[in-house]
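Sequence lines, in order, name chains A and B.
When we follow my numbering, the leftmost residue of the first sequence carries the number 208, and every step to the right adds one.
When we follow my numbering, the leftmost residue of the second sequence carries the number 178, and every step to the right adds one.
For the record, the hints were derived by calculation from the structure and aren't laboratory data.
Hints may contain errors.
No more than 25 Å apart at the CA atoms, straight line, and that leaves these computed lysine to any residue pairs for SDA-like [what the hints assert, rightly or not]:
1) A:K266 / A:K289
2) B:K197 / A:G301
3) A:K275 / A:E265
4) A:K227 / B:F202
5) A:K227 / A:L312
6) A:K266 / B:K203
7) B:K204 / A:Q310
8) B:K197 / A:N216
9) B:K203 / A:E247
10) A:K277 / A:K266
11) B:K208 / A:P248
12) B:K208 / A:E224
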Amino acid sequence: MHEFSIVQNLLELLEEEVEKHKAKRVCRVEVLVGLLSGVEPHLLELAFETFKEGTVAEKAELVLQIEKLKIFCEDCGKEFEKEELNALCPSCGGLNTRIVGGQELLLKSVELEV
Amino acid sequence: MCKECGCADGHRHMHKEETKEVSLFKKVLEKNDLQAQENREHFEEHGVFAINLMSSPGAGKTTLLERTVELLNEFKIGVIEGDLETEIDAQRLRAKGVPACQITTGGACHLDAFMVHEGIHELPMEELDLVFIENVGNLVCPASYDVGAHLNVVLLSVVEGDDKPEKYPVMFRQAQLLVITKIDLLPYVDFSVERAVRSARKVNPSIDVIRLSAKTGEGLEEWVEYLRFKVRSFKRSLI
Ligand SMILES: Nc1nc2c(ncn2[C@@H]2O[C@H](COP(=O)(O)OP(=O)(O)O)[C@@H](O)[C@H]2O)c(=O)[nH]1
Ligand SMILES: [Mg+2]
Ligand SMILES: [Zn+2]
Ligand SMILES: [Zn+2]
Numbered sequence: 208m209h210e211f212s213i214v215q216n217l218l219e220l221l222e223e224e225v226e227k228h229k230a231k232r233v234c235r236v237e238v239l240v241g242l243l244s245g246v247e248p249h250l251l252e253l254a255f256e257t258f259k260e261g262t263v264a265e266k267a268e269l270v271l272q273i274e275k276l277k278i279f280c281e282d283c284g285k286e287f288e289k290e291e292l293n294a295l296c297p298s299c300g301g302l303n304t305r306i307v308g309g310q311e312l313l314l315k316s317v318e319l320e321v
Numbered sequence: 178m179c180k181e182c183g184c185a186d187g188h189r190h191m192h193k194e195e196t197k198e199v200s201l202f203k204k205v206l207e208k209n210d211l212q213a214q215e216n217r218e219h220f221e222e223h224g225v226f227a228i229n230l231m232s233s234p235g236a237g238k239t240t241l242l243e244r245t246v247e248l249l250n251e252f253k254i255g256v257i258e259g260d261l262e263t264e265i266d267a268q269r270l271r272a273k274g275v276p277a278c279q280i281t282t283g284g285a286c287h288l289d290a291f292m293v294h295e296g297i298h299e300l301p302m303e304e305l306d307l308v309f310i311e312n313v314g315n316l317v318c319p320a321s322y323d324v325g326a327h328l329n330v331v332l333l334s335v336v337e338g339d340d341k342p343e344k345y346p347v348m349f350r351q352a353q354l355l356v357i358t359k360i361d362l363l364p365y366v367d368f369s370v371e372r373a374v375r376s377a378r379k380v381n382p383s384i385d386v387i388r389l390s391a392k393t394g395e396g397l398e399e400w401v402e403y404l405r406f407k408v409r410s411f412k413r414s415l416i
């Protein structure tokens, strides 16, 4: 389960922000989780709750924003959003497509107590 | 004592909670990704093509590497072993005269770019053309970490079932090549190569596919030819 190691990376970024803004602590963390990021939102939450203790994020609330898959179909010439984890075009059913979103794991924003 | 700040002198002061919202849009794994980029540059400085081999445990990564070094003798090959905590896999390759280093992942379920960086410094990079990184046997976690390879390969053995690409879409999405292994066992298992390929292409329409058996040798020539092509195009791109 790599969500533990991902949370360690996240906590490091939070420490850096706290230091940079000379803040007291983190109140809220917003993370964007792409459906195809390889990260299980539930496990990420669990790992965050486990590891935040004793860090600047001890009292922080983690808010996950799930990002759907975005695919571009060359045949339809259009972009589509979808929830199934495949690249099939929801309109024509074809596979002349590119996945253009929903693969990322981003720290979107933090709310700091200063 | 003041309850809010803990200061001793019982004074009366205001504690207003001031908060600040900072917008970041940063990759959570940005440090790993930067190190991965550095690894890639490191490989390139030495003209080395790097391949990340991923699969579940026992799909046949080490066996395929053993056969590959026998067949691909025009390139000098090195191996970074991440699978298992023991030295067994690295020793299997050293027995073939291949420089191989074992990374101690400390029980981690994947390799990250920092671990691979350590491996790079243990190999005689100036002598090598091609480095294989044998990732930890796992179809989930390694898919989230760029380790700095030029090619991601996923192995799927026919005994694992043809539904794996559907069950592990992120892994089959990250790979540019799917190698279906142990095809000598096809008569004994219900595995449809066609179904496996179709479901892999559903998530990764452009994925290449090679089927082979390290045991009978079937398909190995195609695999080796694929590697020759990749390494040569890479070397040309560096000039
Ligand atoms: N029948 C058959 N067995 C294989 C083949 N390739 C590997 N194996 C066996 O599968 C087992 C696991 O192989 P190994 O290379 O250690 O897998 P790894 O964990 O992915 O490195 C070993 O017992 C191998 O002998 C193959 O092509 N055919
Ligand atoms: Mg192995
Ligand atoms: Zn894991
Ligand atoms: Zn379409």
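Each hint tested on the structure:
1. A:K266 / A:K289: Violated, at roughly 34 Å.
2. B:K197 / A:G301: 46 Å, violated
3. A:K275 / A:E265: The hint is violated at about 29 Å.
4. A:K227 / B:F202: With Cα atoms ~16 Å apart, K227 of chain A and F202 of chain B stay inside 25 Å; holds.
5. A:K227 / A:L312: With Cα atoms ~22 Å apart, K227 of chain A and L312 of chain A stay inside 25 Å; holds.
6. A:K266 / B:K203: Cα-Cα ~22 Å, so holds.
7. B:K204 / A:Q310: The given pair, whose Cα atoms are some 11 Å apart, holds under the 25 Å limit.
8. B:K197 / A:N216: At roughly 22 Å apart (the allowed maximum being 25 Å), N216 of chain A and K197 of chain B satisfy the hint.
9. B:K203 / A:E247: 19 Å, holds
10. A:K277 / A:K266: Violated - the C-alpha atoms of K266 of chain A and K277 of chain A are around 34 Å apart, more than 25 Å.
11. B:K208 / A:P248: Holds, because 21 Å separates the two Cα atoms, which is no more than 25 Å.
12. B:K208 / A:E224: 15 Å, holds
Checked against the numbered hints above, the structure breaks hints 1, 2, 3 and 10 and satisfies the rest.
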